[in-house]
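Chemist: Residues per chain, in single letters:
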Amino acid sequence: MAEIQLKSLAHSYSSKPSGPEDYAIRQLNHVWHKGGAYALLGPSGCGKSTMLNIISGLVQPSEGEVLFDGKRVNELSPRDRNIAQVFQFPVIYDSMTVFDNLAFPLKNNKVPKSRIKARVHEIAAVLEIEDKLYKKAKNLTADEKQKVSMGRGLVREDVSAILFDEPLTVIDPQLKWKLRRKLKQIHEQFDITMVYVTHDQLEASTFADKIAVMYGGQIVQFGTPTELFEQPNHTFVGYFIGSPGMNLIEVERYAAGVRFGSTQIALDTWQVELLKRLKSNNIKIGIRPEFIELSATASDDTYEVEILDMEDLGTYKIITVQLDQQEMKVRMNEEFEGAIGSRTHLSFPQQWLKLYVDEFLVQEQQ
Amino acid sequence: MQKIQNNRAWWLVLPVFLLVAFSALIPLMTVVNYSVQDIFGPGQAFFVGTEWFKEVLGDERLQDSLIRQFMFSGAVLLIQIPLGIGVALMMPKSGIKGSLCLILIAIPLLIPWNVVGTIWQVFARGDIGLFGWGLNELGFDYNYTGDTVDAWLTVLLMDVWHWTPLVALLCYSGLRAIPEAFYQAAEIDRASQWAVFRYIQLPRLKSVLIIAVLLRFMDSFMIYTEPFVLTGGGPGSSTTFLSQTLTTMAIGQFDLGRASAFSLIYFLIVLLISWLFFTAITQDDKEK
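Protein sequences, first through last, are from chains R and D. If you count the first sequence from 1, position 12 lands on 34 in my numbering, and the numbers rise without skipping. If you count the second sequence from 1, position 255 lands on 264 in my numbering, and the numbers rise without skipping.
Same shape as in the complex, but just chain R (with noise of 0.2 Å):
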């Protein structure tokens, strides 16, 4: 088990970038803690994936480097740096049963027999192909190919972490769900550091107690699930998170806040302040669907707006709005009554409306 710290690293895949926008990962600092179970939140093409090789060291980064447990690791191989990694197909080795499969990465370190015996029933039965064990491996199905890719990660006891690049893309739903418990109890159980890339923030926060959600290359926040939605550090991430994501809306200042079409929307004082210092014109306000709300009368902090559409997904309505011109998602419950084409006010709690200036989240400072 280590601690992976990741200093100014940059990759590029081009072997001559001639600007930002040929890098995969761009001046990157990030520490993912011993024993952690993190999540590696991000589109696709975002430079996740490669992140992760470089972490194993499939990888060779162009700028930067790797450290393990304070030791510089960029030169070592895969193999020297005792790490394991579940990729996002099954790799199989297929002439081998399910039992060599497993025990293969144990013999490869030549560990002891009786324990290879042990350690392969062990992790046979917590991903439930116990009874398959001497069952070519040629011959499971997709989803029990993956098991295995996925118990020759965890077999090992002795990794540095282990890292899991979409590894349920190809299971089914359910099925998906309860690995990912599997998952989740591995790592309560044996405590290692563990980094799950995907792009579906469910599967990111079930799994992970820290989510690390990537854009453009860089880290734009890493946080906990509740700070992720809560607190949004960046556009993309109120965006990104959520379901509908942030509404996000393009205004200019004015004296006491901010504005857009004739709509003016009065901010905090020390908000104001700060807006006055910045000399960005990118500035953006942020709200999440679920707090925003909407009330039939109207009052001094509320905006009249029109429902253009009401979308009834079971257990809640989302209803999009429209406010000068800005279309607007709002999520309500179940009892909400109102009619596509009829006006009803909306209001913004304050605590809940984030500003962006360059599309990072302006904060109070302490």
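What the hints contain is simulated information worked out from the structure, not anything from laboratory work. Careful: at least some of the hints might be erroneous.
Said to hold, decoys possible - Cut-off 30 Å, straight-line C-alpha distance, at most; resulting in silico cross-link-like pairs (DSSO-like, lysine-lysine):
#, chain 1, residue 1, chain 2, residue 2
1, R, Lys-158, D, Lys-215
2, D, Lys-102, R, Lys-38
3, R, Lys-160, D, Lys-12
4, D, Lys-12, R, Lys-129
5, R, Lys-132, D, Lys-106
Said to hold, decoys possible - Sample of chain D residues facing chain R (criterion: CB under 7 Å; computed from the structure):
#, residue
6, Gly-104
7, Gly-107
8, Cys-110
9, Phe-191
10, Glu-196
11, Gln-210
12, Gly-242
Model, not experiment: these values are computed from the prediction. Glycine included, each C-beta is placed from N, C-alpha and C at the ideal position.
Could you slot chain D onto chain R? The hints should help.
Modeler: Same frame as chain R, now just chain D:
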């Protein structure tokens, strides 16, 4: 609309049937025809039953040549398959070097067979051939026209030179088809190089190796042109393989009855061994 129920659709098979008949069945039946009759001329044919077959199976000259043939094919497979795999493993994976290697390796395959025989006939000569002359200069007493062992070695070497590239090319294509993830997983699992070969590369080469072994077995078992040009079957009859014996019998001695009987046996041997090999190898897949 009423559905029409009859068997006229079978006529559609006729063109294929005719094609197969003319390309395979009718020529084959001619051989069958000759193998069970003694034919002296038009209208003078006598049915002899299995007599030719009995005679052929007891013929010592043919038995010897059959044994030589098995030895030759066995040696060819034992040398060319491992060598071909080895060459494929050593070839560069991509880029200009890879392409260059492919072209260089494919050259022997492009040379007409009797030219291959001629090349080696000159190359291995003790007086003017670089190979033969070189060996003699190095102190080896090498003479493929006089010494049985030398003749065998030369024929084998020629075949290895000519056909190992085919095995290598097949294996190379098989190796290139293995996804990178397998090598990455092996690296993560800390597999040794031998283990990578044994558990990743070899199992995934299986299907191309089946093709390679079958092709090399059939071709080597029917080899004719190259040894005929190189040694003419000699010295004595030490490098006279089955098809040369057969040709001598059929054309040289015009012994059509025995030659036909022998052709059929020859054909059945190739068929039987190929089938046995293929079944044995693919049997493994069906096991649970």
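Chemist: Which of the listed hints are not met by the structure?
Modeler: 3, 4, 5, 6, 7, 8, 11 and 12
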